[in-house]
Amino acid sequence: MSGDYVPVGRLDDIPPLGGRCVKTPRGPVGVFRTEDDRVFAVDNRCPHRGGPLSEGIVHGAFVTCPLHNAVISLETGELAGPDVGRVATIPVRVVDGEIQIAIPAEIPRDPVPGAPAAALPKTAARRVAPKESV
Amino acid sequence: MTEKKRLVVIGNGMAPGRVLERLFEAAPDAYDVTIFNAEPRVNYDRIMLSPVLSGEKTYEDIIIHDDDWYAARGITLHQGKRITGIDRDAKRVTAEDGTAAHYDTLLIATGSNPFVIPVPGHDLEGVVTYRDLEDVEKMISAAKPGGRRAVVIGGGLLGLEAAAGLAMRGMRVTVIHLSETLMERQLDPAAGYLLEKAIATRGIEVITKANTEAISGDTHVTGVRLKDGREIPADMVVMAVGIRPSTGLAKEAGLDAGRGILVDDTLRTSDPDVFAVGECVEHRGTCYGLVAPLYEMAAVIADQLTGGTRTYQGSVTSTKLKVTGINLFSAGDFADGEDREDIVLRDAASGVYKRLVLKQNKVQGVVLYGDTADGAWYFQMLKDQADVADLRDTLIFGQAFAGASPLDPTAAVAALPADAEICGCNGVCKGQIEQAISEKKLSSIDEVRAHTKASASCGTCSGLVEQLLKLTLGDAYNPLAVQAMCGCTRLGHDDVRRLIKAKALKTIPAVMQELEWSTPNGCAKCRPALNYYLVADWPEEYEDDFQSRFINERAHANIQKDGTYSVVPRMWGGQTSAAELRAIADVVDKFEIPAVKVTGGQRIDMLGIRKEDLPAVWADLGKAGFVSGHAYAKGLRTVKTCVGTDWCRFGTQDSTGFGVRIEKFMWGSWTPAKVKMAVSGCPRNCAEATCKDVGVVCVDSGYEIHFAGAAGLDIKGTEVLTLVASEDDALEHIVALVQMYRETGHYLERIYKWAKRLGLDTVRAQIVDDPQGRKAYFDRFVVSQKFAQVDPWAERAKPEPTQGHVSEFRHFEPKPPSAPARTLEPAQ
Ligand code: SRM
Ligand SMILES: Cc1cc2nc3c(=O)[nH]c(=O)nc-3n(C[C@H](O)[C@H](O)[C@H](O)COP(=O)(O)OP(=O)(O)OC[C@H]3O[C@@H](n4cnc5c(N)ncnc54)[C@H](O)[C@@H]3O)c2cc1C
Ligand code: SF4
Ligand code: FES
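As you go down the protein sequences, you meet chains A and B in turn. For the first sequence, my numbering gives the first residue as 1, with consecutive numbering after it. For the second sequence, my numbering gives the first residue as 1, with consecutive numbering after it.
Hints were generated in silico from the structure; no laboratory data involved. Owing to the predicted nature of the structure, the values given are computational and were not obtained by experimental measurement. Any given hint might turn out to be false.
[To be verified] Reference listing, derived: stretches of chain A covered by chain B, where coverage requires no fewer than 3 residues with Cβ under 8 Å from a Cβ of chain B:
id : segment
1  : 4 to 10
2  : 13 to 24
3  : 54 to 68
[Said to hold, decoys possible] No farther apart than 25 Å at their CA atoms in a straight line, the calculated lysine to any residue pairs in the SDA-like style are these:
id : chain 1 : residue 1 : chain 2 : residue 2
4  : B       : K453      : A       : H68
5  : B       : K815      : A       : D13
6  : B       : K144      : B       : K664
7  : B       : K597      : A       : K23
8  : B       : K91       : B       : D32
9  : B       : K798      : A       : P15
10 : B       : K597      : B       : K506
11 : B       : K362      : B       : P417
12 : B       : K91       : B       : G254
13 : B       : K815      : A       : E78
14 : B       : K815      : A       : G81
15 : B       : K775      : B       : V720
16 : B       : K798      : A       : D37
17 : B       : K506      : A       : G18
18 : B       : K815      : A       : P25
19 : B       : K561      : A       : E78
20 : B       : K664      : B       : K756
21 : B       : K815      : A       : L11
22 : B       : K506      : B       : H746
23 : B       : K561      : A       : V71
24 : A       : K23       : B       : G563
25 : B       : K57       : A       : T89
26 : A       : K23       : B       : F809
27 : A       : K23       : B       : P814
We treat Cβ as the ideally placed atom computed from N, Cα and C, and that holds for glycine.
With the sequences and hints as input, model every part of the structure.
So this is what it looks like as structure tokens:
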């Protein structure tokens, strides 16, 4: 079950198609704003190798991981395309221009924070695009 | 429905993996499959172990079949279970832990074992072979402390790949090789010599004609002693002297075996219910050690298992060395002989050597070093034993020159059989790709890559895949689709650039609207490209869209794998001073920066900085006069220089001064891909100007301007643009060249690729032969610099930076819950 909603920052502080990282006691959460002002929050670690998703490029309701370009659906947390894997989504709402997230009592996450990709579905760990990495 | 037959497989390497792929494609329900594998893992691409060793790939990258693959086919895979006995009467195999399985048909695919020379000390700790992931892990951990020494015994394919990988991991490596030249079984002495030189430039020592007498050490290796008395110190010894087919199990079961398990043309062993495939077999007197023959065998077995009649006739093999930066291809036989003729081409300057061995106008052998692009073409002629009489005169110049008009590459691909291997890394054949294209309606290389994995690893087969797209889609094939910028549009980069100008499109939404983008706001591929095109085309008007830039360009620092950043300030032309170094030292202390490194670009990198700290770091650096080094930018990076006439006894011009002048003139400009430059004071070229995007080599008579070099993913010497007499002239040429590139380059296309696409002569015609055009390019660059030359760090480190900038560097923090409020916008 999700816990109580807590305010984390203002909608205006995230540009449209932008993301920000919220440091919570349960680990970093990425908060994203789409072009049409929808707001999403997901566990801020890419299932591939833990890339900070809040630093990625947001397009539609997707974010592309800044490290090796995995594309993640902000709506479902699933990796898009042929890759497999997912990140936890976190309930979020905007109240009077203030973004609030419900830091869940239990976010399903890796056994150890920062656990290597080996602990994750193997197919998720495949998309590496060195030529386009920067 | 008939009962499924039971197929048991011993070994789960590349050969049986391929058999099963083919089998399940042809007859998904024919067999109930059980696999026993001694290695505790799924099927992975063994040939890609070298990139794992060197750090260019990870194990996850080279998995061929993951757990889901087996599950989807109902295959039982026993990982880490070695079969110790085959009872052919009971038709049963048993593993060392007692697990047993009955079979109707058995497939033995035990591969081979690395051969260990039984010299004294061969069993010491620290002696490793090179065969599987465990071996690679051992080597990586031995290389960890850094700066340690490794000796590789054996200068063949495996030995050299191991040596190169260990050197990339920071070890000091010596290769000991018995024969006179490296890879003597695949190369002739000339190519062996070039290879040895290339290996030596990687800092790897090669000792040929060296016979190992003993490995020294008490419990752990300390060195290798040669027969001539030399002793080479070592912390690790890699034995890569050859392989022996693994036949023990088959022999014990009473199957006929010579060097390998004997099989007939149907790949059955002496027991008709037992097949064998891969490196463990001997067919018509030959044992193979490469994957291509195994794949051919696999196709035959899959056919036989489903009642077909295909047979295996033996294979002709070719070899490529997978060491980044060394291009080498060899196939067939090139021993000298009475009736044999040689055609040889040497280009010493560019290190190219090509040799073809012909017999009665048929290709018998081919060795290519340096330029291997035509390897597949020659190899096909060799396999077909095609008569090359008509092509003979120009044969050595390759496919592009063959005959009067260039051969149509599509025709060549069309001629390939359906089971011809297109992607060697992922084992994808022509038929599979064609099927995927038509069934899944694929229309671009990216899509083929996503669905079939063809060309997803090393990428050398991308060209072939593109030909297949053309071939399969026929008239429906739209060349634009193949070169589309990304999945959001059917337009290619050139069209987008042309239309941005023609339709005066000045914002990203305008481009997407007018050019009918298929997604609401693009993707991570097209948005940065569009943002660049708009910045370059409308410097005075366009407002940079930071959300369309990669994080590095948004944060003006390089993101690291742990989410921290690195910061590289400019050191003009590689020059620094006590005051600058002191300022850097102070920043490092103050912000507890964990790592400081001198980069390959003549300046200093501070790594491991928290994003929140960046503005403060920049503020401090700014006080000492530093500006951003744009180490993260698709823009001007570094201008390396040498000491030139200021100090050097050979210097012909002020190379340092000119380098600094170029850097101060051009910094801050955005370009399609990064641009790196260098100025050397004389042809000794200490600033390495001849492998840069743009380089200058000073000579007595002036400035030799170079361009289109590369030293990253590809290595390529520069082309000479022209020689000019004065520094001012040189600057004008360089700036004009870069501006031309800025206006016509595709996003992420380095100058060498751009120049190749446009043609060197087109570039020379516009920059060298047309002074007015050159001046116009130069002037447009100057205009755009007015808007670009602002230090991004200073902007963001100001006491009151603009709103967007502040929040980029501030993490959100959860606050105590506020009083329950009215919900305005439930988001999900
Ligand atoms: C720091 C540095 C390595 C070092 O410790 O020396 C470096 C570090 C990186 N290089 Fe490099 N390169 C560095 C010099 C080079 C050089 C040597 C040179 O510049 O003379 C090359 C070969 C020359 C060339 O570019 O052709 C080089 C070829 C690459 C490439 C391959 C580019 C290519 O088109 O082939 C990449 C990948 C890319 O750009 O997509 C790359 C990418 C990277 C990235 C940005 C990887 C990434 O995607 O994050 C690394 C950033 C690390 C960081 O945060 O600082 N780096 N890189 C060097 C910085 C130089 C500087 O002062 O700015
Ligand atoms: C580092 C390296 C680089 C290479 N590079 C190239 C290259 O560039 N090009 C090329 O063409 N080839 C290359 N090769 C060779 C290529 O990898 C092999 O030809 C190919 O993998 C052989 O496939 P296989 O299925 O016959 O045997 P393997 O892939 O060796 O598989 C045999 C498997 O059987 C298992 N096994 C053995 N005995 C038993 C038993 N009793 N019970 C259960 N399991 C058992 C083993 O553990 C192993 O997993 C390279 C090889 C190496 C090691
Ligand atoms: S710094 Fe360059 S060479 Fe080193 S790991 Fe990163 S990209 Fe590769
Ligand atoms: S960490 Fe996200 S794609 Fe690699």
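Inset, instruction - Measure nothing beyond the straight line between the CA atoms of K664 of chain B and K756 of chain B; if it is 25 Å or shorter, mark the hint as holding. - result: It is violated: about 28 Å lies between the C-alpha atoms, which goes past 25 Å.
Legend entry - Distance restraint between K815 of chain B and E78 of chain A, which requires alpha-carbon spacing of 25 Å or less: Judged against 25 Å, a Cα distance of about 29 Å means the pair is violated.
Inset, instruction - Below or equal to 25 Å on CA atoms is what counts here, so check K91 of chain B against D32 of chain B. - result: holds, 15 Å
Inset, instruction - Decide if the proposed pair is consistent with the structure: K506 of chain B and G18 of chain A, CA atoms, cutoff 25 Å inclusive. - result: Holds, because 21 Å separates the two Cα atoms, which is no more than 25 Å.
Legend entry - Restraint check for K561 of chain B with V71 of chain A, where alpha carbons must lie at most 25 Å apart: The hint holds at about 17 Å.
Inset, instruction - Given the hint that K815 of chain B pairs with D13 of chain A, test it: the Cα-Cα distance must not exceed 25 Å. - result: With a Cα-Cα distance of about 15 Å, the restraint between K815 of chain B and D13 of chain A holds, given a limit of 25 Å.
Inset, instruction - Could you grab the alpha-carbon distance between K57 of chain B and T89 of chain A and see if it respects the 25 Å cut-off? - result: violated, 30 Å
Inset, instruction - Would you check the hint for K597 of chain B and K23 of chain A, treating anything up to 25 Å between C-alpha atoms as holding? - result: Not satisfied, since the Cα-Cα distance of roughly 29 Å exceeds 25 Å.
Inset, instruction - Mind checking the alpha carbons of K23 of chain A and G563 of chain B for me, to see if they're no more than 25 Å apart? - result: Judged against 25 Å, a Cα distance of about 13 Å means the pair holds.
Legend entry - Proposed proximity, D37 of chain A with K798 of chain B (alpha carbon, max 25 Å): violated, 29 Å
Inset, instruction - With a C-beta cutoff of 8 Å, work out whether three or more residues of the segment 54 to 68 of chain A approach chain B closely enough for the coverage to hold. - result: Satisfied; 10 residues make the cut.
Inset, instruction - Quickly compare the C-alpha distance for K23 of chain A and F809 of chain B to 25 Å and report which way the hint goes. - result: holds, 13 Å
Hint violations for this structure: numbers 6, 7, 10, 13, 14, 16, 20 and 25, all remaining hints satisfied.
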